[in-house]
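> What follows is the residue order along each chain.
Number of protein chains: 4
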Amino acid sequence: MEIVRHEVDKDADPQGLVYTFGGAEPVRTIRPGTVVSTWTADCYGGRVRSVGDMATQVMDTRFINPQTGPFHIEGAEPGDTIAVHFCSITPSVDWGVSTTIPLFGALTTTPYTAMLHEPLAERTWIYDLDVTERLVRYHALDSDLSIDLPMDPMHGTVGVAPPLGEVRSALTPGSWGGNMDTPEMRAGTTCYLGVNVPGALLSLGDGHARQGEGETCGVAVETAMDTTFAVELIKGAPTPWPRLEDDTHIMATGSARPLEDAFRISHADLVQWISGGLGISSLDAYQLVSQTALTPVANVCDANYTVVGKVAKAHLPGFSAYDGVHERLRAMAASIG
Amino acid sequence: MEIVRHEVDKDADPQGLVYTFGGAEPVRTIRPGTVVSTWTADCYGGRVRSVGDMATQVMDTRFINPQTGPFHIEGAEPGDTIAVHFCSITPSVDWGVSTTIPLFGALTTTPYTAMLHEPLAERTWIYDLDVTERLVRYHALDSDLSIDLPMDPMHGTVGVAPPLGEVRSALTPGSWGGNMDTPEMRAGTTCYLGVNVPGALLSLGDGHARQGEGETCGVAVETAMDTTFAVELIKGAPTPWPRLEDDTHIMATGSARPLEDAFRISHADLVQWISGGLGISSLDAYQLVSQTALTPVANVCDANYTVVGKVAKAHLPGFSAYDGVHERLRAMAASIG
Amino acid sequence: MEIVRHEVDKDADPQGLVYTFGGAEPVRTIRPGTVVSTWTADCYGGRVRSVGDMATQVMDTRFINPQTGPFHIEGAEPGDTIAVHFCSITPSVDWGVSTTIPLFGALTTTPYTAMLHEPLAERTWIYDLDVTERLVRYHALDSDLSIDLPMDPMHGTVGVAPPLGEVRSALTPGSWGGNMDTPEMRAGTTCYLGVNVPGALLSLGDGHARQGEGETCGVAVETAMDTTFAVELIKGAPTPWPRLEDDTHIMATGSARPLEDAFRISHADLVQWISGGLGISSLDAYQLVSQTALTPVANVCDANYTVVGKVAKAHLPGFSAYDGVHERLRAMAASIG
Amino acid sequence: MEIVRHEVDKDADPQGLVYTFGGAEPVRTIRPGTVVSTWTADCYGGRVRSVGDMATQVMDTRFINPQTGPFHIEGAEPGDTIAVHFCSITPSVDWGVSTTIPLFGALTTTPYTAMLHEPLAERTWIYDLDVTERLVRYHALDSDLSIDLPMDPMHGTVGVAPPLGEVRSALTPGSWGGNMDTPEMRAGTTCYLGVNVPGALLSLGDGHARQGEGETCGVAVETAMDTTFAVELIKGAPTPWPRLEDDTHIMATGSARPLEDAFRISHADLVQWISGGLGISSLDAYQLVSQTALTPVANVCDANYTVVGKVAKAHLPGFSAYDGVHERLRAMAASIG
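Chains as they are written, first to last, in numbering that gives the first Met the number 0: chain A, 0 to 336; chain B, 0 to 336; chain C, 0 to 336; chain D, 0 to 336.
Looking at chain A on its own, in the form it has when it is part of the complex (with noise of 0.2 Å):
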């Protein structure tokens, strides 16, 4: 096992971050098999830091969710699939935000559900950040309530390159994951990517301190992210949309409008792959992801909406996916410790 350190330039940024995925020379090679240790930037650069910056003020808002990467993963071809396991998703800072973005969000109007309405107000609110007691506090900004949340770190943003030699905003889910924003994609979860280009092209970013099921108002608690993360190549296996595991779950996201495609996307995979998985018929899978999924909302505001379906690996008898990587990325992982 490898353990590689990729530093990047806090200071550097944009320079040395990426804003799409696809677009972008890779900054390293990484072989299969590796445990890349690194850090992500918050998805406004650290430009905004205090509730007086309105992030429309202090940066240019075209530019925002910048990317660690992407990786050449060695041997990735169209076809095969990664796997990216968290190892370790902490907070490198004692602070993280979130804020209202004029038209973007939920409950607002926006570039494409696009209404008469003024935008809702601008807004900034820091939250303190306490990693040894895994705290996030809210601080309401109109009174003085102040309310402890667990701390809950994770990665919004994860993907590779798209197909069809498309190059995607940063901001954007899809089959090539991206934004996705799902809370599942914390530390002891795989992500499971299928390959579009050679060396599939890996990033990710948009590190949240934790994140409600939907992302209402369109930003979590942003912060940046000191990550470690195994990658393993599984050749020859396609995967058609981004799938997760976790060592109780397994999980198919589907990114689309309206929000019923994504769970059309997210359901449809889980019976393919339940199927596969157990080998009974398509009907037969049909049935029992009828009786067991759960389905979190994962985002409702970015270009793209996501859902997850998930379900108990004690509902699946004997069901391994891909071969077992993850137990073998979770081992991994333990023994770097």
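Any given hint could be a false lead.
Below, a sample of chain C positions facing chain A; criterion: calculated Cβ distance under 10 Å [claimed, not checked]:
no., residue
1, Gly-104
2, Ala-105
3, Thr-107
4, Thr-108
5, Thr-112
6, Ala-113
7, Met-114
8, Leu-115
9, His-116
10, Glu-117
11, Pro-118
Hints in this document: simulated from the structure, not taken from any laboratory.
It should be emphasised that the depicted structure is a prediction, and the values quoted were computed from it without experimental measurement.
Glycine is no exception: its CB is placed at the ideal position from the N, C-alpha and C atoms.
Following the hints, complete the assembly by docking chains B, C and D onto the known chain A.
Same frame as chain A, but now just chains B, C and D:
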């Protein structure tokens, strides 16, 4: 505290049961503070009993999902809210049934998502129910696999008469409740429903021994239920969309198409509910919901789709819903244990 | 041919008019082959009469869109179709009215597309109608501009009692017709509606002196109408979704959310209708519709959205809809001049 | 006025054509005020030529819809608008082709509207084109029916490089134009596109001998085109979403999912455009659009769906779009006869 037994003639269906919300005379008047013990038929009225029974052949599928009720809640007027607390929900038989129904479900063309495909095959699955062990046993039809799943009994359908003089099929969820099909409607949960007509006209049915989130194929593990619930009346408190509460979470439901509108309804209601309950501004509540909400999909198969937004009470210091009626009904339920 | 005058007491609203499809006793029985002359109120029941009248202040907006009827069509049974041919539709007053209504319309948050914005401002526009010159005069409220637009009178709402025992608000369109709000429902058009209950229970209202496609703000140029229509009964011919026919085109409507489902319903019906009418395969009809359909949006503001798919008869050699009933009703209309 | 001939090597595809907006080097620089005469391949690159040719067998369907271009428009900078006026669009061959493509189209399951159905059958239709008589002859595959339809040549795809550094498949429409698939893009129409990168990088292709509104099966009567267009540059005038203008109407397009968002984009843009052009308030323009808009659906099959909102200039006294550039380009086109 009054305890009322409402008998249903199990052989008289459909004479004794109703297929709509609104449009039927009440079967009984219930005083607020009463515990009601009754029975509900399965969604097929008991007519689909073996893997050889196809719903479209053994019954008139225009008459599906019979409801017990409606109950006139004494003193309920438009602008009030009724609280329905589920004390116990127990399968009354040792089997459950699920099926695919042509042109119904999330992963098939339907009369609304109209396409040129032939319908998927119609199939019937019979489950063994073990109330003592709280197990639901799945049997694949096309191979030998059987799987034991945890029993988690719930009602898919709970509602009152709709507003605007409408009468709605028991297959449809909306602001009046109805066929929301959320697994959260289990024993221990209180459901809050806004009153649209004098007496509210509460009905319930569609028992599920368990259900996946999304009810993907359109049908859960359907079974007849022995159910006990307590009703309370909250005067002068409107509830625009159904809300739920259990010991750990408050929940807001939205039922609409497309699915993102169901999400918007539930999360906008969470924001306003929490804003009022904590005495914080709407934008501060928007922020808090964005970081704390859990958002399980309920159904993506019915005439409207349903999303549940929920927030842990642990994250809402000092919040009390409807002046603590859930706690009082919970205590009442415990006292009849 | 029988000609019947159905008088409406214009001052007795809401006593003499209905606000739902289904749920009301018929006001009169009509024999197939009859021409009916009657009057319909504007959607506000005549209560909004000047730019200073705000609908939410001068009326109870739960009771909006009153319908004339329902008419029991003699002999109509479920599985049949009624054909309603509009002989003439003429404004009965020299003014029309449109408004913005808080939380209603395509470019505003609504109770379904729930957001945190304040409602748009409520405003009332009064139009001058000149039946002789067939002009509708628009006056801007915030500046001096006036514009003469062509009069194109139509009924926004035409329908029958829904299936499944439902009673639906006159604000909602669906498979029973109702509030479709398509400008195609003008004099010279025949509307085909499937029968769900004995007698069909036909109602109509919501006259518009003209309307844009989409009815963007939610309200057309609303006005009271003197309307003459002929009714025919087509036995044994089901019509799942409302269809229209004029001298040049056949049309199929779909009413659903999201809007693409309304499109799918209308185009799938066009495919099947044309496949049957020309005796070609479904795929050949799919191809022909793909190259010939016109697809005007009808409304994107009501409880369901409506799309009209239409194909020129000139492109359908030998096609005859319902054995030529439109031509016979057209001739009947001409004979009464 | 300069007239430029841009030759395309018709046999060199895909070497000489591009499959994305953005991501390709310009083939030529065009000065504003220039008329360009060129050729575009059909969407299959000419590889589907008979009813026995199935697209999925005779070509790599990942490389579909080749575009001629991109052209660097001299002086175009972000924040500007380019105007592309179509002088003539003429089929360059005497045949056109349409097909069903598995998992593509409005009335079938797709990778996004994921279902468990088998794909619809793949079929190919060949049309006879008669440029002199302006006829397009349809031949049914499963029976003997042939129908002559009017020729109405247009380009399905016209666009520039997208914003945010994205590169988008030529199959996708959006704010940069692209695969809008509206029949309004015919000779005599001017298309306005906002500039996102220096030189704009204009491409076009996807000629249709005719197309129904909605492009229901996903494919029009595809054919190679000889096309002449004039380009003008409008400095300092941003155009957020593509607009069109012909001699009688102004038009605003929206491309998004769900379809109601495409509607909202186009109508919100109409409201703001007309508000500015007539000098009336937004609410007055909202009212005027509500009564005057025509709203043909463009496509309900592509990666985004497209709606066109249009208003007759006759209803907009004194309105002039972009200072009359359409009229000037129209005159320029006439002068080259």
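> With reference to the structure, classify each hint as holding or not holding.
Evaluated hints:
no., hint, verdict
1, Gly-104, "9 Å, holds"
2, Ala-105, "8 Å, holds"
3, Thr-107, "6 Å, holds"
4, Thr-108, "7 Å, holds"
5, Thr-112, "7 Å, holds"
6, Ala-113, "7 Å, holds"
7, Met-114, "5 Å, holds"
8, Leu-115, "5 Å, holds"
9, His-116, "4 Å, holds"
10, Glu-117, "8 Å, holds"
11, Pro-118, "9 Å, holds"
In this structure, none of the earlier numbered hints is contradicted; all agree with it.
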